[in-house]
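Participant: Place chain B on chain A using the hints.
As you go down the protein sequences, you meet chains A and B in turn. For the first sequence, position 258 matches number 257 in numbering that gives the first Met the number 0, and the numbering has no gaps at all. For the second sequence, position 168 matches number 167 in numbering that gives the first Met the number 0, and the numbering has no gaps at all.
No wet-lab data here; the hints were simulated from the structure. Note that this is a predicted model, so its numbers are computed, not measured. Even glycine gets a Cβ: it sits at the ideal position worked out from N, Cα and C. Hints are supplied without guarantee of correctness; some may be wrong.
Here's a subset of chain A near chain B, in silico, CB distances under 10 Å, partners left out [said to hold, decoys possible]:
no.	residue
1	Ala5
2	Ser100
3	Thr254
4	Gly255
For reference, the chains in residue letters:
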Amino acid sequence: MLSRVADSLYWMSRYLERAEHTARLIAVGLDLMLDQTPQSTGIRWERLLASLHAYPPPSGSGDAYAIARMLTFEMSNDASIASCIASARENARQVREQISSEMWEQLNRLYLKVKGSSIDAIWHGDPLEFYQEVKEGAHLFQGITDATMTHGEGWQFIQVGRHLERAGGTAALVDQHFRPFLEAPADAPLALDYIDWVGLLKCCTAFEAYCKVYTADIKPESVAEFLLLNADGPRSVRFAADRIQRSMQAISQATGTRSAGRAERLAGRLRASLDYGQVDEIIAENMHTYLENIQRQCAAIHGAIYQAYVSYSVDTALTS
Amino acid sequence: MPHERSATDIGRPPFTSYQLDTAYDEMFTPLGHVREHYRALYERLNELNLAQLMQRQRYADAAFLNQGITFTVYGEDSSTERIFPYDLLPRIITAGEWAPVERGLAQRITALNHFLHDIYHEGKIFKDGVIPRDLVLTCQHYRREMRNVSVPRDTYITVVGTDLVRVPDGSFAVLEDNLRVPSGVSYMLTNRAVMKRAFPRLFANIGVRPIDHYGKTLLTTLRGLAPPHRPEPTIVLLTPGVFNSAYFEHTFLARQMGIELVEGRDLLCHDNIVYMRTTAGLRRVDVIYRRVDDDFIDPLAFRPDSILGVPGLLNAYRSGNVALANAVGTGVADDKAVYAYVPAIIRYYLGEEPVLQNVETYLCDKADDRAYVLEHLDELVVKAVGESGGYGMLIGPHSTREQRETFRSLILDNPRNYIAQPTLSLSRAPCFIDEQVEPRHIDLRPYVLNGEQVTIVPGGLTRVALRRGSLVVNSSQGGGSKDTWVLFE
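Just chain A, same shape as in the assembly (with noise of 0.2 Å):
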């Protein structure tokens, strides 16, 4: 496959990750604002944006219309919904050939829906409704996706994009939680109300999955080990980690094994310290670093595959 539609496919898929994350921590937040005390309203706020890699506008973190704004319709902001799905769809564009007409017609409408949209529109009618559109858009293409294209070389780029993506997303989400509480004195502890440990459930959809498992008895060490180490939940750190590490060892295959040594070392032992973590030593070291640390490996992830399949030298290519 040429590498530049492996590198579309790549950023299509990472591209939509992005934007459903985004339409699902907006919709939650909007949800939670309708059960707080105005102190809690900023920090809540404050903390969305930090674990989007995202400042606070102009009129401060309180200002809630103005956040939805930015990170919905905001086009000068590369990381808004609507600049995160015109990207995925240019993406698209690029390798009409490659997708089936079904995932183009799919995106293509979430693509005009978002455009159609405005922050006023939806702002004063239901906001929910609409993120609930972008998120079962992005769902929708998803499952086209799986059910029309070939399982090949190109849709495991696409899986090992939307799941480094959503690894990286859900480290960022745990951390931003995390940090506060963990970073207190231990003389005042700081107190997390339990609706925002089941925000911050919600906001990886495992709040259902988590009472399956532990009970509705929220305990934010629990709450670690899901959204972390849990095998199955299908937006748990460990679950992309297995899912990124399976796609790239399907994709040397598929090539023929080369250099991608570094890009299948760095995902197996992603998954590997996931896979054999344990969250009390995990809260006990550090676990900001920990969280950080897993977004630096995703980086390294894709650096190598950049590495090994994109953007090689050419006389590296010749000699070998």
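Facilitator: This is chain B only, laid out in the frame that chain A set:
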């Protein structure tokens, strides 16, 4: 029950506002009787009510939009994508009408291929005084880099889309040869797919020759160009990229053939061998069906500012390590002054009389012709020799005094650059417009593949000038298209 022939067949719905004029009408005789090969369609249209016709048109439009068969309209803030306007009523050609078209096109392509080989090698045709050497060497698309270069199998032209028009006596004439990168074949194929859904019963009854084998035939033709020592050649389609207005067609054809769609940045040359950059490393490329013009294919050889091409491609090509379809330098035969010599070219190389006629052409470079053209600017169509797509033209009867004066000085400044032709009356065919059927001017672009033998897919793209009275069929200027049916015997 036998059909009861009324005084005329025009006048029954949906033909109530259909009017004949001096142009050849594809469906009706000058007396207003429906031609035999159009009778089945005519009957079917009589049966359908307006709502049913509209519903089929809506179905067709939706099919084009959903499949993304659109072209981009530039210049707006967020560039809009529009569908290529599509007319619901097919254009029908009988087997008897088609046979000479097929024969004539094959003859023409064969002769032009000999011509290209000759002008880039010995130039016998110059020595024999059939066409002036200067005329050819001054063509905008003449490539001296191609002098004495052997191209694979001596095939210069692989893919051609020749523009034909039907003149008032009912015969077809050649308006121009497009030997560089003709486009539109994807519309021909998708028009057919949509029509099969819109009028399934009619297809079954009337006997329409299929066209679906175009992709496969193109692939076979391209494979034939591969170097003989490369038994499993890698064939790619080189596109300028997503911003090209024909990008849909490039993706469509690549998919039909199952070959990679590449951009210039996917390819690289090393030691005069072309490679593409894949996830499995570099892979050698043997044949390139390029949809990028000569000027842009190699920044080292041609336009240095091109980012669409591949540095070093021309040298790899001249070394015989890669085949290009079409060859570099075929644009010479597109020059409208060379066009005037094509009948002579056919006689010279093949010793045959041309089957298809040319449109009468005045070369402004010749003193007599020039004097005639300058006297009759208000009747003639004047064209710049190197332009296409309806640009650089003066349509005399529709022109203003200033436009004619502008062209007079343009011609006098650079007579070699202009030719003139009589204003043609293109034939007209019924089109479904604003809830009724009206006649519109049309042309025909059949697609010719030149490999071991010449293959012409029956039919082609019928382009329609959708504006009432307009003679311009180009999509950039209000043109649309319709399906073209060539019937079995």
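Participant: Taking the hints in turn, state whether each one holds.
Facilitator: Do the hints match the structure? See the list:
{"no.": "1", "hint": "Ala5", "verdict": "5 Å, holds"}
{"no.": "2", "hint": "Ser100", "verdict": "6 Å, holds"}
{"no.": "3", "hint": "Thr254", "verdict": "4 Å, holds"}
{"no.": "4", "hint": "Gly255", "verdict": "6 Å, holds"}
In terms of the numbered hints stated before, the structure departs from none.
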